[in-house]
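**Q** In order, the protein sequences belong to chains L and S.
The numbering used here puts the first residue of the first sequence at 1, with every later residue one more than the last.
The numbering used here puts the first residue of the second sequence at 337, with every later residue one more than the last.
The reader is advised that the hints may include incorrect statements.
[To be verified] Quick look at which bits of chain S chain L covers, simulated, 3 or more residues with Cβ under 8 Å: (1) 379-390; (2) 432-438; (3) 514-521; (4) 534-541; (5) 559-573.
Honestly, the hints are just simulated from the structure, not real lab data.
Predicted model, so just to flag it, every value in this text is computed and none were measured.
Glycine residues also receive a C-beta, built at the ideal position from the N, C-alpha and C atoms.
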Amino acid sequence: MGFRANIVESEFPIPPFKKGVRGISSPKGIGILWLLIVTSFFSCPAFSSETQLPDNLSRLLGALEKQQDWRLDGSPQHAKSDGLFVLINGGAEIYLEYGFEQAVLANFKHQNGEALILEIYRMKDQHAAYGVYTFKTDKQAKPLAIGGQAKLSDYYLNLWQGSYVITLTAPTPGKTSQATLITAAKILSRAIEKKGEEPDLVRRFRRATAALAPPAEIKYVRGNLALSAHPTAIKNLIPIGEGVAADYETSQVYLLQFKNTAESLERYNRLRKAVRKERGPTSLRTAKKHFSFLSDENRFVLVRRKAQYLIVLQTGEAHRNSTRFTALRQAIESFR
Amino acid sequence: MTEKIDRRRFIQQGTAIVTGSIVAGTLDPAPAEATPPKKVDISVVQGTDYFKSTKEAVKLLGGIKRFVPPKAKVALLANPQRNNPGAFTSPRVLAAVIEMCRKAGATEVNCISWLPLENWQSTGLKSAVDEQGAKLKITDLKNEELFTPQAVAKGKQLKEARIIKSLFDHDVLINVPVCKDHAGNKFTGTLKNMMGLNSPKNNRSFHKKDWATNPDSIRFLDQCIADLNLVLKPVLNVVDATEFIITNGPFGPGKLHKPDRVIAGVDRVAIDAYCCTLWGLKAKDIHTITMAHQLGLGEIDLKKVTIREANA
């Protein structure tokens with residue numbers, strides 16, 4: 001199968017030997033094996049079995065090729081832990097923030113002339129994978145009933161299942177059909193055993209807001225980097241542990257979880273102090289259990305602390321007294 | 337004829353020396369048609385023929401000979417991120433830059449990088465390099481001996497960079513990035529592309545242990561990028577803003593934006609300040625741009641920048 005071709009380990013960019021080496025039995029194969037052992041011994045002792053593609057990733061690559069008329073185009077590239085900094089140069093931070101283990105990137109060509117880029121990320125746990133998936137997808141994408149969750153955008157598809165996030169992309173938009181991306185995603189999904197569950201925080205958020213129209217999108221956040229991608233007045237002000245960002249079109253909700261009540265209180269006070277310092281003491285309206293202010297973008301921001309959580313609601317100045325915003329506020333304040 | 341140039345110094349102070357030399361008349365004078373009637377800081381050319389747009393953008397600045405003296409050895413820094421659409425420098429843009437350099441009389445045009453060959457192949461950039469008669473020089477990123485320590489005396493956070501050694505074999509550095517979204521920095525363009533010349537190990541030092549949770553550590557990362565630009569001064573920047581991702585950057589895939597523009601200029605801060613407006617960002621919100629401006633690396637206020645626009 002095509003995936004037995006050389007795999008490029010991002011930590012060791014010289015093409016290493018392949019996974020299939022273990023199975024070599026022909027005289028020619030044995031000769032190649034000896035040659036590889038000798039050359040790797042003399043060239044660089046750092047080359048080791050680390051350069052083999054792990055079974056789980058190898059199986060996924062194989063699943064696509066086995067069931068379709070796909071063939072690998074070039075060598076797959078593989079990275080683990082910090083090696084991701086080289087593999088997806090500059091794009092690694094967000095994966096590491098959520099908790100990353102391994103990734104493989106490969107180009108495929110179909111016999112009908114279509115092509116696709118396959119990215120498989122194995123994250124540390126299913127919630128890390130879910131978080132990256134929500135970070136990578138947007139509300140314009142079309143939800144699909146594949147795996148744990150999947151969304152189709154114009155020329156690419158993201159799939160979350162268990163500890164995996166998989167992205168399938170048409171290298172040239174329009175030249176690979178969306179149907180092809182969907183078919184490939186279904187094949188890969190079948191090769192992963194567990195579907196996965198959303199994080200507990202997300203499920204509790206959904207329960208608290210079940211009576212409302214569902215948000216346009218939910219993002220699961222595990223660090224400041226993910227949070228800073230959101231257009232909120234509190235970005236870069238709160239180092240957080242875990243959170244949910246939900247977009248209700250005219251309003252946004254941020255539910256941020258901290259280690260304990262002492263930590264949430266400290267963050268609450270720190271944020272209030274920062275807002276007062278940045279915008280002046282008259283900018284704040286403080287009540288018993290919350291404070292509010294107008295952001296630079298003239299958005300009404302309300303911050304409330306509840307046990308180990310901070311709840312931040314944001315809406316346009318024109319919507320702050322609307323029925324929808326009030327209902328949203330009441331719903332999220334019932335969160336437990 | 338070309339004066340003898342201390343190459344290392346040239347890389348560090350490229351802009352000043354090339355501009356100064358032209359002003360002093362020590363280099364071959366540029367052809368009359370290449371001399372702009374008025375100083376142009378940034379040129380912006382729109383059109384769907386990216387090869388033509390690139391050449392036109394440089395022409396509006398005064399022509400390639402303003403930047404590449406005859407017999408020069410030219411190093412090009414493109415972004416071969418990988419082949420997700422809108423995540424890498426357009427091969428057509430790079431091809432045009434190579435062709436211009438060669439026509440200007442460069443003896444060597446080399447694309448230097450520590451990213452693997454696969455990236456160059458899958459993006460089509462390797463083909464562009466080959467077709468235009470340039471060379472691809474990939475540095476083994478695992479071998480720190482292939483990177484030269486470079487003190488960053490005026491750096492606020494970064495005190496030492498480690499630059500690809502082969503860069504110092506060249507006379508001229510031209511930066512050919514793609515501008516696009518970036519998850520951490522919100523924007524990547526000329527300034528951040530310089531990390532492609534710094535060793536990956538040193539780039540990692542831009543990330544403090546708590547970079548993922550501490551906002552100050554994210555600013556530290558941005559400051560390091562700005563600081564790195566103190567020791568790397570390309571004589572020219574040609575930015576691919578033809579089609580790029582505005583979400584899920586820098587790797588993609590993400591939402592594509594297609595302004596069909598090529599931007600050229602010397603002032604990296606001004607160029608990045610312009611490019612980020614292409615999808616509604618403001619330079620004042622991008623830390624790397626504001627920090628580079630504070631370091632005196634360029635003009636952030638576009639009202640003070642002479643921008644010449646054209647269609648190709």
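**Q** Check the structure against each numbered hint from earlier and tell me which ones fail, lowest number first.
**A** Violated hints (numbers, rising): 1, 2 and 5; every other hint is consistent with the structure.
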